[in-house]
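Undergrad: So the chains spell out like this:
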Amino acid sequence: MAGLFATLNSTVKAITAHSAALETTGKNLANVNNTSYARQRVIYGDRGTIATPTGAESLGLEALGVQQLRDQLLDLQVAREISITSGYEAEQKGYQRAQAALGQSIESTTTGTSDSGIGAALDNFFNSFQSLAGSPTSDGVRETLLQNATILTDRLQLADQRLQQVQDDLDTQITTDVSTVNDLLNTIAELNEQISRFEVNAAGTAVDLRDQRQARLEELAAKLPVTVKDLGDGTLQLSAKDTSGVSVMLVNGATVDNTVSFDGTQITAGTPAATLNLASGSIQGSLKAKTGAVQTLRDNLDALAGQLITSVNAAYNPSSVAGGNFFNGTEAGSIAVVGTITSASLKAGDGSASGNNSIALAIAGLASKTFSISGGAAIDGTFVGFYSKSVASIGQSLSAANSRVEDQNNIEELVRKQRDGVSGVSMDEELADLLKFQRAFQASSRVFNVVDELLDTVVNRLGA
Amino acid sequence: MRITTNTVQDNIVSQIQNLSTKQAKLQTQVSTGQRIFQPEDDPASVGRTLNLQSEQRKITQYASNATRALELSQATFSGLNAIKTVSDRASEIATLGSGALSSSQSQAYATEVNQLIEQTLELANSRFGTDYLFGGTKLDTAPFAATRTDGKITAVSYEGNSEQVSLPLSESATVSPTTDEATNLSLRDFLKNLIDLRDSLDTNNSSGLATAQAALIDSEDVLVASLARNGGIQTRIEAHQDQLKDRSTELEKLVSGEVDVDLPETIVKLTQTQTAYEAALQSSVKIMQISLLDYIN
Chain A
0 MAGLFATLNS TVKAITAHSA ALETTGKNLA NVNNTSYARQ RVIYGDRGTI ATPTGAESLG
60 LEALGVQQLR DQLLDLQVAR EISITSGYEA EQKGYQRAQA ALGQSIESTT TGTSDSGIGA
120 ALDNFFNSFQ SLAGSPTSDG VRETLLQNAT ILTDRLQLAD QRLQQVQDDL DTQITTDVST
180 VNDLLNTIAE LNEQISRFEV NAAGTAVDLR DQRQARLEEL AAKLPVTVKD LGDGTLQLSA
240 KDTSGVSVML VNGATVDNTV SFDGTQITAG TPAATLNLAS GSIQGSLKAK TGAVQTLRDN
300 LDALAGQLIT SVNAAYNPSS VAGGNFFNGT EAGSIAVVGT ITSASLKAGD GSASGNNSIA
360 LAIAGLASKT FSISGGAAID GTFVGFYSKS VASIGQSLSA ANSRVEDQNN IEELVRKQRD
420 GVSGVSMDEE LADLLKFQRA FQASSRVFNV VDELLDTVVN RLGA
Chain B
0 MRITTNTVQD NIVSQIQNLS TKQAKLQTQV STGQRIFQPE DDPASVGRTL NLQSEQRKIT
60 QYASNATRAL ELSQATFSGL NAIKTVSDRA SEIATLGSGA LSSSQSQAYA TEVNQLIEQT
120 LELANSRFGT DYLFGGTKLD TAPFAATRTD GKITAVSYEG NSEQVSLPLS ESATVSPTTD
180 EATNLSLRDF LKNLIDLRDS LDTNNSSGLA TAQAALIDSE DVLVASLARN GGIQTRIEAH
240 QDQLKDRSTE LEKLVSGEVD VDLPETIVKL TQTQTAYEAA LQSSVKIMQI SLLDYIN
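Residue numbers (numbering that gives the first Met the number 0), protein chains in the order written: chain A, 0 to 463; chain B, 0 to 296.
It is worth saying that the hints were derived from the structure and are not from the lab. There may be inaccurate statements among the hints.
Unchecked claim - Below 20 Å or equal to it, Euclidean Cα-Cα: the simulated DMTMM-like pairs (lysine to aspartate or glutamate) are:
no. : chain 1 : residue 1 : chain 2 : residue 2
1   : A       : Lys416    : B       : Glu180
2   : B       : Lys24     : A       : Asp406
3   : B       : Lys191    : B       : Glu180
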């Protein structure tokens, strides 16, 4: 049996180990609301075994170190899901703003048919020409017609400007995201370096740095999806695939090999610049919204305005007299009523008689005309039909984005729950541990006390 | 599965958030009676609604076209009817004049016919608003121009044109509420007949009187036919108005079907959601309050 002094010594070690465990529990409790924190545990170990005349004997307990409870696969999965979620969310936001920019809402029958939106303006425009056909000499009708025409062109122009603004804002968003990505790449490279330095002798011990790096990785994933590879020395390698499937190295251990940049249409990285093939992340979501449904909506408005200009001018100015058109411009952004048209000079008919309404009737008839792209027109269907389809189409894009975001949020939540199941802090559990370690500490102290009393007996009382 | 403090809280928060979003949406639907507001709410339905509402606006426009057409045709009717009254009196005078008359009597009738001529010219040049009614589409020129000798009308010419004002009553139907060229020309002829009658009476020319009388009967026939045609047009316009009203009601129903909320169903759903929301709040308060911390000291 080891001597009393040896026992005293090992008891001290045990007390130290229990204090370390208590301290770790305290740290876990302190980080209960820190989502990027992974709970920690003290690893107990034996100080060693020695051979004694009475057999092999343990030197007692000691705290070997602090271990972090992380599941690397779940961490990667969380990052992936975050990336998908933020991609969908960015897309959703883009569509929401496009929908707001279009400004076409539905009003109930109880409040009467609304006059808001391009749809109503189109109808009012064509209806004004019917009124003109009915009262070709009325100044009031002519004034109303010109006003309705201006309202239509104003709404088309405004919608186009707003959608343009939405696209510009998405560009700005992407540019900001790209610079955040580059900052994060630098930060992760620095963290890689620090972790590898701290963990030269003991792998996996730089727990707080690893927490930080994981948090940064998740931030990065929200912007840009990267392939993460563990290099084994505590550092990570981050890469992204370009459009031809070749990996572009972004971070290799402690160095940033390539940064990413935005050329206005694509995200590129490396030299020579290779276009990255992004499948998720907010940058991809913004790009998709910008070049997808928002652009489609703008194209549709342009087609609508273009066809409107062509058809109305052809009906208003059948013999193509120079300066005799009704509309100027070529698309939604430039459509305008010709400036020289006044209520007096507005033509209702061919000019043969003041009551001739052939032109007004021809233009009013355009409202019911069915166009076809295969027949050389810019749109399919009637003006209002095409517009309704365009509105339904952006609504469809947004509605699909909404449900994708909802589903994806559920998935992300599930994966996060799984990870929390491994890494998250449970307050009850930690409190139980707190009591457990407190008792263990008290027990070891008790042993210390007993040994101390024994020593007292040996040192002071024996032979007295 | 191991449940952590954060998992519990995240669960509670997301559940409460989901429920309150749902609750807010249902509440808006109940309070406005409207199911969809933005294209995202139900894209297909929004597309249909926009088309239906456009149709409604079109119907409203056709209805106001019909009103305008009816006004024009009523104005035409009253003009023609007044001329018909003149024609009746003229025929009467012609019949009276065909008997043996002294020249002073005959001249007195001639004076009355002269008044009738002036009256008819005024009626034939009658206007609706600023537009002349009996001149085709030449709305801004008096359609009947008189040539006068010593203040008396001796000839009348037609200055209007052969076109007829037309208005759409639906995508396929148009209506011409005013008179056609034949009627307009017959008005000129009627004036000419009146002039002949006056001149015959003035000179007490019995054979001229007989010719004028026969011609007057002919032009009265044309007038009566025009009046009948005009009545037909009014009936047609009124039939269209009824049809438009029916279509409008039908469309309103369709729009309501797309846009309006099924109130009883939504209220039931809202009540369910409220119950769930309350339950979530209550249970979460209970769970969040409990901790091992409460039991150890």
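Undergrad: Tell me if the straight-line CA distance from B:Lys24 to A:Asp406 falls inside 20 Å.
TA: 19 Å, holds
Undergrad: Would you check the hint for B:Lys191 and B:Glu180, treating anything up to 20 Å between C-alpha atoms as holding?
TA: The given pair, whose Cα atoms are some 17 Å apart, holds under the 20 Å limit.
Undergrad: Between the alpha carbons of A:Lys416 and B:Glu180, is the straight-line distance 20 Å or under?
TA: Violated - the C-alpha atoms of B:Glu180 and A:Lys416 are around 87 Å apart, more than 20 Å.
The structure is inconsistent with hint 1 alone, although it conforms to all the rest.
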